[in-house]
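Colleague: Position one of the sequence shown corresponds to residue 1 (the working numbering), numbered consecutively onward.
Calculated from the structure, these hints are not laboratory results. Think of the CB as a built atom: it goes at the ideal place given N, C-alpha and C, for glycine as much as any other residue. Hints should not be assumed to be uniformly reliable.
To be verified - Pair by pair, the computed Cβ-Cβ distance ranges are: (1) TRP35 / ALA15: 26 to 34 Å; (2) GLU13 / TYR34: 27 to 35 Å; (3) ALA14 / TYR34: 39 to 47 Å; (4) TYR18 / SER38: 24 to 32 Å; (5) PHE10 / SER38: 26 to 34 Å; (6) HIS9 / SER38: 40 to 48 Å; (7) GLY37 / TRP17: 29 to 37 Å; (8) GLY11 / SER31: 27 to 35 Å; (9) PHE12 / ILE33: 25 to 33 Å; (10) PHE12 / CYS32: 27 to 35 Å; (11) GLU13 / ILE33: 26 to 34 Å; (12) PHE30 / HIS9: 40 to 48 Å.
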Amino acid sequence: LNHFSTSRHFGFEAAAWYWHFVDVVWILLFSCIYWWGS
Numbered sequence: 001l002n003h004f005s006t007s008r009h010f011g012f013e014a015a016a017w018y019w020h021f022v023d024v025v026w027i028l029l030f031s032c033i034y035w036w037g038s
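Work out the full structure: start from the sequences and follow the hints.
Modeller: So, in structure tokens, the structure goes:
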């Protein structure tokens with residue numbers, strides 16, 4: 001697991017940003033569905 005360093009961690013950072021974006025999308029989607037259904 002030595003392939004991440006201070007200069008070669010773009011893949012990990014991109015994956016982290018991607019999953020944060022997915023979390024936000026799901027939260028907004030569920031909020032809209034909940035609001036629409038009530």
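Colleague: For each hint, tell me whether it holds in the structure or not.
Modeller: Against the structure, the hints:
no.: 1; hint: TRP35 / ALA15: 26 to 34 Å; in the structure: 30 Å, holds
no.: 2; hint: GLU13 / TYR34: 27 to 35 Å; in the structure: 32 Å, holds
no.: 3; hint: ALA14 / TYR34: 39 to 47 Å; in the structure: 31 Å, violated
no.: 4; hint: TYR18 / SER38: 24 to 32 Å; in the structure: 31 Å, holds
no.: 5; hint: PHE10 / SER38: 26 to 34 Å; in the structure: 42 Å, violated
no.: 6; hint: HIS9 / SER38: 40 to 48 Å; in the structure: 43 Å, holds
no.: 7; hint: GLY37 / TRP17: 29 to 37 Å; in the structure: 31 Å, holds
no.: 8; hint: GLY11 / SER31: 27 to 35 Å; in the structure: 31 Å, holds
no.: 9; hint: PHE12 / ILE33: 25 to 33 Å; in the structure: 32 Å, holds
no.: 10; hint: PHE12 / CYS32: 27 to 35 Å; in the structure: 31 Å, holds
no.: 11; hint: GLU13 / ILE33: 26 to 34 Å; in the structure: 31 Å, holds
no.: 12; hint: PHE30 / HIS9: 40 to 48 Å; in the structure: 31 Å, violated
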